[in-house]
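There are 2 protein chains.
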Amino acid sequence: MTAATDRSPDDTLPIDIDDIRAAAARLAGVAHRTPVLTSRTLDERVGGSVFLKAENLQRMGAFKFRGAYNAVAALDPDVRSRGVVAFSSGNHAQAVALAARLHAIPATIVMPTDAPPAKLAATRGYGAEVVTYDRYTEDRAAIGARIAAERGASLIPPFDHPAVMAGAGTVGLELFEEVGPLDALLVCTGGGGLLSGCAVAAHALSPGTAVIGVEPEAGDDFKRSWESGQRVGLDAVPRTIADGQQTMMPGELTFAVARQRVAGFALVSDAEILAAMAFAFERLRVVVEPSGATALAAVLAGKVETAGRRIGVTLSGGNVGLGQFVELFRG
Amino acid sequence: MTAATDRSPDDTLPIDIDDIRAAAARLAGVAHRTPVLTSRTLDERVGGSVFLKAENLQRMGAFKFRGAYNAVAALDPDVRSRGVVAFSSGNHAQAVALAARLHAIPATIVMPTDAPPAKLAATRGYGAEVVTYDRYTEDRAAIGARIAAERGASLIPPFDHPAVMAGAGTVGLELFEEVGPLDALLVCTGGGGLLSGCAVAAHALSPGTAVIGVEPEAGDDFKRSWESGQRVGLDAVPRTIADGQQTMMPGELTFAVARQRVAGFALVSDAEILAAMAFAFERLRVVVEPSGATALAAVLAGKVETAGRRIGVTLSGGNVGLGQFVELFRG
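Read top to bottom, the protein sequences are chains A and B. Numbering follows numbering that gives the first Met the number 0, with no gaps: position 160 of the first sequence is 159. Numbering follows numbering that gives the first Met the number 0, with no gaps: position 44 of the second sequence is 43.
No lab work stands behind these hints, which were simulated from the structure alone. You can trust all of the hints, since none of them are fake.
Have a look at the derived ranges for each label pair, beta carbon to beta carbon:
#1 A:Gly207 x B:Ile142: 53 to 63 Å
#2 B:Pro180 x A:Asp133: 49 to 59 Å
#3 B:Met247 x A:Tyr135: 52 to 62 Å
#4 B:Leu233 x A:Thr40: 29 to 39 Å
Glycine residues also receive a C-beta, built at the ideal position from the N, C-alpha and C atoms.
Given the sequences, and given the hints that come with them, work out the whole structure.
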């Protein structure tokens, strides 16, 4: 945890707490202020107090709505009217589609052909045009950039963008406002938008909080980058049920924040993710998708110290189709 | 809906709004003030505004905690210390077990042998002693009364008791406090505790609300009783997936309230209940058990008028085991 002591002033980072507060103002009355769930069963099991920020109950079912809406809202109106483009493995797609619809502008979403059918359908359901690509052979960033250039539309990146990070940071802002200081905050980590936003919020509102990113074991690019002090990429798309965390390298901006504001990382297996989804189903009575369950999985699997501590956990999304869910658990 | 116009003053009914307010005071800081969920998808589909009171996110996973806790809390301390007894097909069992544990008194629960394993395990998990019986051949009321007499313990009935009804009525109280007047309120109905409590709350806080009980088609004892003006019983335990609504006759007290304060009833099939559970899973990202989904099922299946109206819906419970859920949907 040495890097966590290497703290920088906020003005050297891509976002600060004022950006998050500005995002919160844009999101007021638009995003849900999601509930913080608690479970005495969970607390007894881990010997601490766990506060679960239920972003699976956010509009379109994931925290991603916050960043996408904030980014679209922050565009100059003339620019915004020409529409937006996004590439995403799922929730960011729906988030941008919904944010565009709420602004009455067109959205084009570049999605992998093997994205969960429920996510493809939901994105189209929000009125977006969907362009598909093969995520094992094609470069989604290049496809998105080309479409944006052709149409004069603005690309809304899934995580590596100050307004997206600041929007995601409102998750941490709301959590600290509601429950006060925490000893640790576990954040589901893909590209690092939620991680970096929550880390900046924690630094301002609860500076003693150890912010910990949680990745699937197969996709530990952020952990490896953080430990080596520079961004390192994976050789191949990680094979994990956590389809929202199949990023291959941290974002440049999100990594810059994580280097200064994150205390460490934890990894969880697909089996541990499934156990967390089952716990959420039976004991919390909420639906959490695999990527959204990784932080809870880290708590349940004992990957972080919980005894006598106050632990925040993001449940970052709940978009798993019923058929997919049944397949995962039919055994 | 003629009976709904046959209104009595509250002082002729077993409970009034002051009983519900007293219950709310006892439950403050003990029960969760559950969130009210909304879904634009749902609103667009039914052409109205639907407000879902998520009692599946209540402690122990169902509204039943409210009534059980209120009834235990209302006992004279000397009497209470000798413990409580309950008979229940599930959620009331867990509710009484938890209420007893919170009061540090013993609980004995009489449960059917074929109750969902998750509910049997959860009841024992709350520290209660469980006595099982065959619900198709034995009389649970007689067994409960015998145990109560032997042990000097107080029987906490599942619904037909003023404190249980008043506790359940806090569901309606909270809903009206949060969303204001409604055109209709659909209430999952078994023995009528939630229905009667919510109907009394509506009469006081939103007198224009048509309170509608929703039963599974196979267990329409309350609808038939209400239509005939007197309590009528079913010939056999209704066969439905809605295991919390397998009551065979309305309660005496709950029926007295329903005659005066309820505007009508709707019935839903098991297939409609499953569709509502699937909708809750995929679009609301919450887990609802079959009995807890009947009111939502009535809305989705068009059993009530929704166009242009503000509709309250109880999601009354979320205790369905993961294995049971997968079986219901594996198709």
